[in-house]
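Colleague: On the provided structure of chain X, position chains E and A as indicated by the hints.
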Amino acid sequence: MTKARLATVWLAGCSGCHMSFLDLDEWLLELADLADIVYSPVGSDQKLYPENVDVALVEGGVANTDNLELLQRVRASTRILVSFGDCAITANIPGMRNMLRGSDPVLRRAYLELADGSGQLPKAPGIVPELLERVLPVHELVPVEVYLPGCPPPAERIRAALEPLLRGELPQLSGSDQIRFG
Amino acid sequence: MSVCTLRINERDVAVPTGTTLLEAARQASIPIPTLCFLEGLSAVAACRLCLVEVSGADGREEPRLLAACVTTATEGMRVQTHTPRLQEIRRTVVELLFTEGNHVCAICVANGHCELQNMAVEVGMDHSRLPYRFPDRRVDLSHAQFGLDHNRCILCTRCVRVCDEVEGAHVWDVGWRGEHCQIISGLGEPWGAVEACTHCGKCVDVCPTGALFHKADTNEEKHGHPERLQALVHARTHQEWSP
Amino acid sequence: MGDCLRLCTAASCRSRGALALLENSDRPVKQVGCLGPCSEGPLAAMGDQLLSLQPAENESLGPTLEAALAKSREISAEEPFLKLQRRLVLARCGVVDPGCIHDALSQGAYQQLQAVLAADDPSAVIETVRRSGLRGRGGAGYPTGLKWATVAAMPGAHKVVVCNADEGDPGAFMDRTLMEGDPHTLLEGMAIAAFAVGAQQGYIYVRAEYPLAIERLRTAIAAAETHGWLGTAISGSRISFAIELRVGAGAYVCGEETALIHSIEGRRGVPRPRPPYPAEHGVFGLPTLINNVETFGNIPALLHLGVEAYGEGTKVFSLTGHVQRSGVLEVPMGTPLRTIVETMSGGAPPGRSIKAVQTGGPSGGCVPASALDTPVDYDSLKALGTIMGSGGMVVLDDTTNMVDLAAFFIAFSREESCGKCIPCRSGTVQLEMLLRKLLERRGNAADLSQLESLCHTVADASLCGLGQSAPKPVLSTLRHFRSDYLELLQLAEVAR
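Protein chains in written order, with this note's numbering: chain X, 1124 to 1305; chain E, 20 to 262; chain A, -8 to 487.
Certain hints may be false.
[What the hints assert, rightly or not] Partial selection, computed: residues in chain A whose CB lies under 7 angstroms from chain E:
hint, residue
1, I205
2, P264
3, G410
4, C412
5, I413
6, P414
7, R416
8, S417
9, T448
10, A450
Because the hints were derived from the structure by calculation, they are not lab data. Just so it is clear, the structure is predicted and the values come from calculations on it, not from any experiment. Backbone N, C-alpha and C fix where the C-beta goes; we use that ideal spot for every residue, glycine too.
With the rest of the complex left out, here is chain X (with noise of 0.2 angstroms):
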């Protein structure tokens, strides 16, 4: 049987969902065997998301245009994309900075007005990425096949999302210890 190819991708995060991933702990050993890490910031030096990738954790919010770019490419490579944690799924705290309406009230607030006299708005074109007008969840800017909620998902509830779909089934989750938010 040929090994699944597995990322994990990382946009507007805490990576607390990666970090809950790496509690998955000797199961880890296990999910090697099973799957292959194509692409992952915790789990493999690779640089550019590669093709043709069976299963991809989407841990956080889409919050600027390299986050954007990479989303992109990730559902164009992917057969199965799964919402990893709740600021990929609702925005959740990087969210939170869309109450404020708009990238530049957030950079005001953040860079001068919470300044201490000499702040100055971060501006790097090609170099900083540009903020979003909103930071928004992952199935608002592509189609997502699975959802895993949670601030983080608890381990378990990773793995209850991973065997299946390294067998090549879609999960079913429902009830709190699988489907809860926070």
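Modeller: Relative to the frame of chain X, chains E and A by itself:
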């Protein structure tokens, strides 16, 4: 006491005349989801989660959607509590509640003990099909002991009713209308400035989410206490004051 | 007074300068209510002759009434707009001076009230109303006789009659027309209803946006009290009935009967679930009869004519939009829609054609041009997915995008939602967001199916009639003009 017999999900249930469908279903251990309803307070049928399909009442055969919390059981009624149509309505209602406020469970005082969060699980909402609206809402921390975070308010009006019907202070009401509705204290004053408030905390006890909270509570520390209201109502009703 | 010049000084002609003409006049002029074809206003009448004073409208100096009359254009009584009407409710509107009870009395006002008081048989009145088949003219079409009988059968010595005059649908101004033009007919109808059901207290709940109607109702109520047609021992009988005006504060939802009751009671105007129905538990907990202005307005004519001559009755419509002649008209129930919008009002402006007619306002739907031969009655319109509604009729020509129209009505319902129940409070917002997305050419097929599904949820799950019917303009345009939606999807595809 006269009794009427009705059928709930293919089960015959006999209840005293005047029983609501919600009570009848709960007596028969058939769960019907609710958010605005709370035993001990008047029913307002605002959250629409307890809608059920009713036929055979008043000689009408085609199923009608009625709120179980305010509909009285009658002889020969046939009730369905979990049809696909009702499940679609309930999930959409919960999505509408999540998307109209700013419900960030991860940083909420009520995380893990929140009726809205539990309701999302119950209706199988693993994501919202409707876009989030991120409204600009305020937090009132003017009261010495308690806080009100409008971001987390679902306008169930339990606080309005408990303060009016049980405490008798009527500190709370609803201001504005439609999407601009919000719970207001006094005549739209800061909560701490409302002299009618007795600081009893009943509103905090019955709030289903983290909207009303004790200032001392931090993340995940707020627990609702509807049982305190129910004990008080029971004591008043039956004049039984010993614990 | 027969040959005295009558000048309409009701809201529409007033907005076109009728009051200035009145001031610049030396001859005796009788102020009257609506004469019908408002788009020709300001309007005057002399005997049976109807005159449009519009030709003088654009003269640089404010025209005197004489000058305006000299330039006036006669509107022939043979014109379909006038000829095809059957004015029962509006029989005295445009004829009597609404500020003068003597004028109204001289033309038959309160005679039916006097007759029923003399006969002293409330159940006979209810039976007449029941046999006439009269249905609620507010829009829902509930049988009026049945409603009266239900309230009459309620135990208790104290009952209430409420007139719902919170006419709020965009494009609806039928009730305003009667209140401004002939308030005594309304008061008489209410008093007869009060006698029939055994009520002592009446309320007219009228929207604050109708200042002239409020003023004329106040005058009329005071005059009726002075002349013994309202108050204690009406016309020497043992019957007492007083009417209080309650002025709304700008909330459309207060036209919903349970919200209206709360508002009369001085509480926040939000609906509550029914049952209990107002007939059982209405204003201040008393058995309450609630009818709309036009329903009460039918009562004196019905009793005067008798059930046979009354026949199917009439319906008053306010006609607006893309038509050559707009205004208020009263036609026999069952008149084909085409007769109203093409024959009577002259159809679409030159070079354009009618695309649809919206009836029932934000709670209604549209009738496509292909179905214009539908008779206007409750059941035929319902079968087309719209409602009779209170009488607002908005004609739309082929320049109209029906998605735009749906978005307009959803925006209205969103603005007017009371916020009590979540499907309406938040569902109307999401519906408008979806429609805007389509209109801004950002939509896709999934948005369209979500729009449809959310419409059904809002309609099924909302607490009151406002939310339950709010999606109707969307569902109705989806049913009859789906191509307008699909075209926007194609444009969005091109834009991508």
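Colleague: Each hint should be assessed against the structure and marked as holding or not.
Modeller: Do the hints match the structure? See the list:
no. : hint : result
1   : I205 : violated (23 angstroms)
2   : P264 : holds (4 angstroms)
3   : G410 : holds (3 angstroms)
4   : C412 : holds (5 angstroms)
5   : I413 : holds (5 angstroms)
6   : P414 : holds (6 angstroms)
7   : R416 : holds (6 angstroms)
8   : S417 : holds (4 angstroms)
9   : T448 : holds (5 angstroms)
10  : A450 : violated (10 angstroms)
Consistency with the previously given hints fails for numbers 1 and 10, ordered from lowest to highest.
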